[in-house]
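Asker: As a plain string of letters, each chain reads:
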Amino acid sequence: MMMHRRNVLMIAVMALALVGACAKKQPPVARPTTPPPGTGSMNRPPAPPEPVAEPTPVPPEPIAEDSLASRDIDEINKNSPFQPLLFALDSSEVDATGQQTLNSNAEILRKYPTWVVTIEGHADERGTPEYNLALGERRSLAARTYLISLGIPADRLRTVSYGKEFPFDPGHNESAWAKNRRAHFVVTSK
Amino acid sequence: MTYMRLLAVMFSVAAAVALAAQTPPQPPPEQPPPAPPQQQSAISTRITSSPGMQPRIAVPDFIALSSDGETAAAAKTVGRVLWDDLAFEREFYLIARDTYQSIPQPASLEQVALDRWKELGADGVVVGSVRKTATGVAVQVRLLDVSSGASVMAKEYTGSIANPRLYAHTISDEIHQTQVALRGVARTKLAFSSNRDGERTTNSGSPRDISNIYTADYDGANERRLTITRALDIAPVWAPDRTAIAYMSYRTGYPDIIVHPLAGGRYTTPARGTADARNYLPAWSPDGTRLAFMSSRDGDPEIYVVNRDGSGLRRLTSHPANDVTPTWSPTGTQIAFTSDRTGNPQIYIINVDGTGLEKITSESHCDRPTWSPAPWNEIAYSSRAGAGNNIRIFDFATRSSKPVTDGIGNNESPAFAPNGRHLAFVSSRAGKDQIFTIARDGKDLRQITRTGANKYPNWSQ
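Sequence lines, in order, name chains Y and X. If you're matching positions, the first sequence starts at 56 in the working numbering and goes up one per residue. If you're matching positions, the second sequence starts at 258 in the working numbering and goes up one per residue.
The reader is advised that the hints may include incorrect statements.
Said to hold, decoys possible - Just a few of them, taken from the derived set where beta-carbon distance is under 7 Å, the chain X residues facing chain Y:
#1 Y357
#2 D430
#3 Q434
#4 T459
#5 Y511
#6 A532
#7 V581
#8 T595
#9 P602
#10 I606
#11 S621
#12 D624
#13 R625
#14 P630
#15 S639
Stated by the list, open to error - Here are the simulated lysine to aspartate or glutamate pairs, DMTMM-like style, with alpha carbons at most 25 Å apart:
#16 X:K700 to X:E620
#17 Y:K234 to X:E456
#18 Y:K133 to X:D701
#19 Y:K245 to X:E376
#20 X:K689 to X:D652
#21 X:K616 to Y:D224
#22 X:K689 to Y:D150
#23 X:K616 to X:D566
#24 X:K700 to X:E348
#25 X:K389 to X:D372
#26 X:K689 to Y:E180
#27 X:K389 to X:E348
#28 X:K659 to X:D610
#29 Y:K166 to Y:E229
#30 X:K389 to X:E431
#31 Y:K234 to X:D466
#32 X:K689 to Y:E229
#33 X:K375 to X:D318
#34 Y:K245 to Y:D150
#35 X:K333 to X:D318
#36 X:K689 to Y:E162
#37 Y:K166 to Y:D145
#38 Y:K234 to X:E376
#39 Y:K133 to X:E413
Because the hints were derived from the structure by calculation, they are not lab data. For glycine and all other residues, C-beta sits at the position ideal for the given N, C-alpha and C.
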């Protein structure tokens, strides 16, 4: 990745120099065609310089299935394709909405069959910290059990409970609590 | 760790010196009185006070017998901390320190102006001195009976000057033991988890605030960090012999029970956690040989017991509901825990052999039991009341419970002091979660922590 960045940088510097030196000439850099499939944005040469002023920035890669596969795990988790599974107060039951959530999460797991996920169980702040560890454990296990019933292999589904230690919304109201009662999906290996 | 060693050294020295120091501090009675039974030997070792009244005690600053600043500071600290320690148990009426100003400090323990203390209404006055020695300090203390002038307790302690508060704590425990036959808690400690250092996880995804394990004296002084992991470490519990603290840690990515020896050396993981056998919330048996904990290794949260060395793993509960937060009875024969098998969380007890399951509470939500030390036979727990939780105490004798906290803020995670007279707990009443202590009758609330958010208190023996 470092190498790629450096290459991109060098090409950009060269391109800039060329814009200044031979603004009227056609740049000798080969105009890139579409990148070869399966490569990320990192090793793509920059857009060719326009005759005017600054070179335009690299346009963002259109979101494609392949780009998800090629991202590193941190990138995937920062902008996760998985939806959180939300729960009612003191409940670890997967309701109809929850089943839809898990169905779509299962689709992603089928599409990327090497991914292993950790399902984190979380709780809102209203129970005690200790009881919430058990509640989070049940929530993560409930999500796992449902995904296994959909045919996702058990060894791709790890679970852990964080109780109320890591709230997603630090607020003290129903809207925050609703977000914090969840099974949260994190990709742990791919 | 060095702290513990200091304590040990102090005791051995103190025991030796105490023998010499405890020469009968008063002349023998001229004529053996036909001692009334309630006075017998007590007359020579206890403060005399008005019948039915708490003894009124004054604790002025100790006398610095060496002229350096360190000794002067230590002498002040010992007196002030001792005043607080004695006030904590509420066995004595502690005369306010600001009324002592008119009484000049004597040059030595032999020149105490008893008549002045009598004027102030004191039944007893604790006087002491601090003197530099070749190796550290010598702290002398006397408890003077103001009416007779007798010294009913005299001790000398020697050791390091590094922690003067420890002399005060030791003297306080000695006074409680000899005067009112009470096991004081001045030398006990608290463990808790805290996010005060603002560290974050390096886990995949978004970084999160982590907590690590800290300890402090019972009054919140001498806070020290025990664990340094970029992971969540919570729920510490002192081994009964204070040689180790067990807690749960996510340092491997899944939660497991860590037994962390305080004298150094490698930690152990007796519950042998894995990604598939996650372990939560350890609780030491009273003899320190076993740990109870929660694990969902068999598919759902259940209570397990394992020997400290990792042998003898046993599952205690068997119900598809949540069984969590074990706590041992003082005899080590029963375990109380929380279960939501009837819907809402309630407190249950079970024999350690797995028989005798019994539900003991039936309020709306009863959670996180902690069994009192003997001779009390009670369970403190967290009870949901409206938006927050309150600490309540269930008494097995009356089969009823009474509140300890008053509905201010959210109050959770009670932990008994080893003498059963106080509880540490977490409250949000001051903003962020902080550790507080409170007397078992709900009086004398004290805030212990103030930095960061602090949770999961546990009180050492």
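Asker: So, for every hint listed, does it hold in this structure?
Answerer: Results of checking the hints against the structure:
1. The beta carbon of X:Y357 comes no nearer than 44 Å to any beta carbon in chain Y, farther than 7 Å, and the hint placing it at the interface is violated.
2. At about 31 Å, the closest approach between the beta carbon of X:D430 and any beta carbon in chain Y exceeds 7 Å, and the interface hint on this residue is violated.
3. Residue-level restraint check for X:Q434 is violated (minimum Cβ-Cβ distance to chain Y is 34 Å; threshold 7 Å).
4. Because the smallest distance between the Cβ of X:T459 and any Cβ of chain Y comes to about 10 Å, over 7 Å, the interface hint for this residue is violated.
5. Because the smallest distance between the Cβ of X:Y511 and any Cβ of chain Y comes to about 5 Å, under 7 Å, the interface hint for this residue holds.
6. Given the 7 Å rule on beta carbons, the hint for X:A532 holds: about 5 Å separates it from the nearest Cβ of chain Y.
7. The interface hint given for X:V581 holds, since its Cβ lies 4 Å from the closest Cβ of chain Y, which is under the 7 Å cut-off.
8. For X:T595, the suggested interface contact is upheld, since its CB lies about 6 Å from the closest CB of chain Y, less than 7 Å.
9. Taking 7 Å as the C-beta contact cut-off toward chain Y, the hint placing X:P602 at the interface holds, the least distance being around 6 Å.
10. Using the Cβ-Cβ criterion of 7 Å, the hint placing X:I606 at the interface with chain Y is not satisfied: the shortest such distance is roughly 17 Å.
11. The beta carbon of X:S621 is not positioned within 7 Å of any beta carbon in chain Y (closest approach about 11 Å), and the interface hint is therefore violated.
12. A distance limit of 7 Å between C-beta atoms decides the matter here; for X:D624 the minimum to chain Y is near 5 Å, and the interface restraint holds.
13. Interface hint at X:R625: satisfied, since its Cβ lies 5 Å from the closest Cβ of chain Y, which is below the 7 Å cut-off.
14. Interface restraint check for X:P630: the shortest CB-CB distance to chain Y comes to about 20 Å, outside 7 Å, so the restraint is violated.
15. Annotation: X:S639 was flagged as interfacial toward chain Y, and the flag holds, the nearest CB pair being 5 Å apart, inside 7 Å.
16. Restraint check for X:K700 and X:E620: the C-alpha separation of about 24 Å stays at or below 25 Å, so the hint holds.
17. Annotation: proposed proximity of Y:K234 to X:E456 holds, straight-line Cα distance about 24 Å (limit 25 Å).
18. Proposed proximity of Y:K133 and X:D701 is contradicted: the alpha carbons are some 47 Å apart, above 25 Å.
19. Only pairs whose Cα atoms come within 25 Å are accepted, and Y:K245 paired with X:E376 is rejected, the gap being roughly 81 Å.
20. As the CA atoms of X:K689 and X:D652 are separated by approximately 31 Å, the hinted pair breaks the 25 Å bound.
21. For the hint pairing X:K616 with Y:D224, the CA-to-CA distance comes to about 35 Å; that exceeds 25 Å, so the pair is violated.
22. With a C-alpha separation of about 34 Å, the suggested pairing of X:K689 with Y:D150 is violated against the 25 Å cut-off.
23. A hinted pair counts as satisfied when its Cα atoms are at most 25 Å apart, and X:K616 with X:D566 does not qualify at roughly 31 Å.
24. Of the supplied pair hints, the one linking X:K700 and X:E348 holds, its CA atoms being roughly 14 Å apart against a limit of 25 Å.
25. At most 25 Å may separate the alpha-carbon atoms for a hinted pair to count; X:K389 and X:D372 exceed this at roughly 30 Å.
26. Note on X:K689 and Y:E180: the hinted pairing holds, with a Cα-Cα distance of about 13 Å set against a maximum of 25 Å.
27. Between X:K389 and X:E348 the CA atoms are separated by roughly 32 Å; this puts the pair beyond 25 Å, and the hint is violated.
28. With a C-alpha separation of about 30 Å, the suggested pair X:K659 and X:D610 falls outside the 25 Å cut-off, and the hint is violated.
29. For the hint linking Y:K166 to Y:E229, the alpha-carbon distance of about 35 Å lies beyond 25 Å, and the restraint is violated.
30. The suggested pairing of X:K389 with X:E431 holds, with an alpha-carbon distance near 22 Å, which does not exceed 25 Å.
31. With a C-alpha separation of about 18 Å, the suggested pair Y:K234 and X:D466 falls inside the 25 Å cut-off, and the hint holds.
32. Among the hinted pairs, X:K689 with Y:E229 is consistent with the structure: their alpha-carbon atoms are about 19 Å apart, no more than 25 Å.
33. For the hint pairing X:K375 with X:D318, the CA-to-CA distance comes to about 18 Å; that is within 25 Å, so the pair holds.
34. Straight-line distance between C-alpha atoms of Y:K245 and Y:D150 comes to about 29 Å, which puts the hinted pair past the 25 Å bound.
35. A C-alpha spacing of about 5 Å is found between X:K333 and X:D318, which places the hinted pair at or below 25 Å, so the restraint holds.
36. Taking the CA atoms of X:K689 and Y:E162, the gap is about 41 Å. The hint is violated against a cut of 25 Å.
37. In summary, the hint linking Y:K166 to Y:D145 is not supported, as the alpha carbons are separated by about 33 Å, beyond the 25 Å threshold.
38. For the suggested pair Y:K234 and X:E376, the alpha carbons sit about 65 Å apart, so the restraint of at most 25 Å is broken.
39. Pair hint Y:K133 plus X:E413 does not hold up; C-alpha atoms about 63 Å apart against a cutoff of 25 Å.
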